[in-house]
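Whole structure, please, built from the sequences with the hints as guidance.
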Amino acid sequence: MKEILELLEHDARRPIGEIASMLHRSEYEVEQDIKKLEKDKVILSYNTVINWEKFGEETVTAIIEINLTPQREVGFDAIAERIYRFDEVRTVYLMSGSFDLMAIIEGKSLKDIANFVATRLSTIEGVTQTRSHFILKPYKKDGAIMNDEERDRRLVVTP
Amino acid sequence: MIESRDWSSRLSPSVQSIAPSGIRKFFDIAAQMKDVISLGVGEPDFITPWTIRESCVYGLECGYTSYTANRGMMELREEIAYHYEQEYETRYDPATDILVTVGVSEALDLAMRAVLATGDEVLIPEPCYVSYQACTILAGGVPVSVPTKLENEFRITPDELEQYVTDRTRVLLIGYPNNPTGAVMERADLLAIAKFAEKHDLLVISDEIYGDLTYGDEKHIAFSSLPNMQERTILLNGFSKAYAMTGWRIGYAMGNQAIIAAMTKIHQYTMLCAPITAQLAAIEALRRGEKYMKKMVAEYDRRRRLIYDGFTKIGLPCFEPKGAFYIFPDITPSGYQDEEFAEELLKAEHVALVPGSAFGVCGAGHVRCSYATSIDKISEALARIENFLAKHKKT
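Each protein sequence line maps, in turn, to chains E and V. Here the first sequence stands for residues 1 to 159, numbered as in the working numbering. Here the second sequence stands for residues 1 to 395, numbered as in the working numbering.
Fair warning: there could be bad hints in the mix.
[As the list claims (entries may be wrong)] Below 20 Å or equal to it, Euclidean Cα-Cα: the simulated EDC-like pairs (lysine to aspartate or glutamate) are:
| no. | chain 1 | residue 1 | chain 2 | residue 2 |
| --- | --- | --- | --- | --- |
| 1 | V | Lys377 | E | Glu150 |
| 2 | V | Lys295 | E | Asp152 |
| 3 | V | Lys291 | E | Glu27 |
| 4 | V | Lys34 | E | Glu6 |
| 5 | V | Lys313 | E | Asp152 |
| 6 | V | Lys295 | E | Asp142 |
| 7 | V | Lys295 | E | Glu9 |
[As the list claims (entries may be wrong)] Selected chain E positions facing chain V (in silico; Cβ < 7 Å):
| no. | residue |
| --- | --- |
| 8 | Arg72 |
| 9 | Met146 |
| 10 | Glu150 |
| 11 | Thr158 |
| 12 | Pro159 |
If you are wondering where the hints come from, they were derived from the structure by calculation, not from laboratory data. Quick reminder that beta carbons are idealized off the backbone N, C-alpha and C, glycines included.
Right, dumping it as structure tokens:
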């Protein structure tokens, strides 16, 4: 199971037959395992890492530090849920240190995000403070280097 | 240059007697094609892990640009000794038993020159790495080929060796895990060879450059870790394959004091020392490179299973290789000789691989395929080979 996850983590589009060959198992077994992993929510989704800038699409990403007043019984969880349910919010973490939640937000423009933070995020009850940091240039995202110049420089045939 | 006469008669007879490496034969054709998938590359497709590269860059910034001790930096020799003690429970004294070389290639050359007298015979199980024969001849020795067989999964046995021993035999040169076959020797196989070496009082040169690249439950065994074998073994290893450091040219030899001293003597007059930058990188590889190496090995293992499965389905017989990153299928069902097969496959389907006869006469009828290339390319190459057989198979 672990090896299937490792293979899919780096390439979610790997054909089942190929995975089966690599693990010396039948396609049916691999398919069943993957189904189970999906059902158990071990595999959450299959995403594509896209360099939108290269495509010509301007998107703006911001990292928002959020301070909260924790609530009785549920702590930060209820407010976190109110925040992560928004489509604009791509990622949310509960953090140690000087703030409580970190949210990563994507929008079409700076104004878009500023508007979202001002009208939706900071108005949630229990949110005491937000600080927005806009991303200027991505170098590496989810393990993928944006402009990787490294390539295969080997000769065609070597001993 | 316009030359007024032919100078080839002035070349040394021993150099003239050596054929150029057969491995580069298709290089020129392949180099001109655009969409070649190469299974002919005998080196990792990974780039050296960043932590290793970074340590070299840092070393240059700090001004590490000088010669080192002939034997190599003490720090590196200590790391190598520590590594062998941890992994194989063999103890080498970094002061006297280890020599850092410019790749295993240099180490092999030094070992041969250090121990061979003119006419001494060297037993060389084949198929084997392309330089074994040449290094023996250049050192004044006589290479004696000992064929191994597919039905033994290309392992060598004492019975096979006995047929080739004479009173001039001095050295047994083995290379397991093996390039080109991917064969490994298990403990029992090696113990039998050790007994044979003792019986005939042979030195054993053991090229273990692929030692870290073994798959399955059997761990690699250093030949010198076998009972009574350490002092008669010259163990050769390096960083090229395990740490994806081929271009750095860094390896080492380990053995008894007298032989290492003799090898050091040649090394100091011909090479002086291995490049300091590569030595710094090698130290980092041993200190912090293991987890990257393990990751690469796990990836080779998956590719190995994929390509073995692929050839089995295509119908080219092969045994499951347990080491290095090569598979050595038998291509006789195609009706071709191996050289012809490699050439026609390259022309028709743009897949490069190396004919088995480049690694010795008994390699004929096989081809060496390296799986040190991406999964996508391996899958595509297998599809093309299948297509080639469907269209061009001789009946």
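Verification of the supplied hints:
1. V:Lys377 <-> E:Glu150: Cα-Cα ~18 Å, so holds.
2. V:Lys295 <-> E:Asp152: holds, 19 Å
3. V:Lys291 <-> E:Glu27: It is violated: about 30 Å lies between the C-alpha atoms, which goes past 20 Å.
4. V:Lys34 <-> E:Glu6: Not satisfied, since the Cα-Cα distance of roughly 32 Å exceeds 20 Å.
5. V:Lys313 <-> E:Asp152: violated, 29 Å
6. V:Lys295 <-> E:Asp142: holds, 18 Å
7. V:Lys295 <-> E:Glu9: Cα-Cα ~14 Å, so holds.
8. Arg72: The hint is violated - E:Arg72 has no Cβ within 7 Å of chain V, the shortest such distance being about 44 Å.
9. Met146: Result: violated, 16 Å to nearest chain V Cβ.
10. Glu150: The hint holds - E:Glu150 has a Cβ within 7 Å of chain V, the shortest such distance being about 5 Å.
11. Thr158: Holds, about 5 Å.
12. Pro159: Hint holds; E:Pro159 Cβ to chain V Cβ min 5 Å, cut 7 Å.
When held up to the earlier numbered hints, the structure conflicts with 3, 4, 5, 8 and 9 and fits the remainder.
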